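Quick note: the sequence shown, position 49, residue 49 per our numbering, numbers continuous.
Just to be clear, a hint being listed does not mean it is correct.
Calculated cross-link-like contacts (lysine-lysine; reagent style DSS-like; alpha-carbon spacing at most 25 Å) [unchecked claim]:
{"hint": "1", "residue 1": "LYS26", "residue 2": "LYS57"}
{"hint": "2", "residue 1": "LYS57", "residue 2": "LYS44"}
{"hint": "3", "residue 1": "LYS44", "residue 2": "LYS26"}
Please keep in mind that the hints were generated in silico from the structure rather than gathered at the bench. Given the structure is predicted, the values throughout are model-derived calculations rather than measurements.
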Amino acid sequence: MDIRASNHKRDNVDEEVLNIPYAYLKCFNEEIPHENIHVIASYKLEVNLGLRFLIGK
Numbered sequence: 001m002d003i004r005a006s007n008h009k010r011d012n013v014d015e016e017v018l019n020i021p022y023a024y025l026k027c028f029n030e031e032i033p034h035e036n037i038h039v040i041a042s043y044k045l046e047v048n049l050g051l052r053f054l055i056g057k
């Protein structure tokens, strides 16, 4: 799962990667699979906030 902001994403993104920026995690919570995922973020703070949200849900 890629939680980076839209302007930090790469152009050639793999189709298996779910792209939901951190700011939209709450809105698109239903699209997140209930299985093990890897989180891609730009900053350590973004990783910590994203993981805290995902673990809570």
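Now the hints, each set against the structure:
{"no.": "1", "hint": "LYS26 <-> LYS57", "in the structure": "10 Å, holds"}
{"no.": "2", "hint": "LYS57 <-> LYS44", "in the structure": "20 Å, holds"}
{"no.": "3", "hint": "LYS44 <-> LYS26", "in the structure": "19 Å, holds"}
Checked against the numbered hints given earlier, the structure satisfies every one of them.
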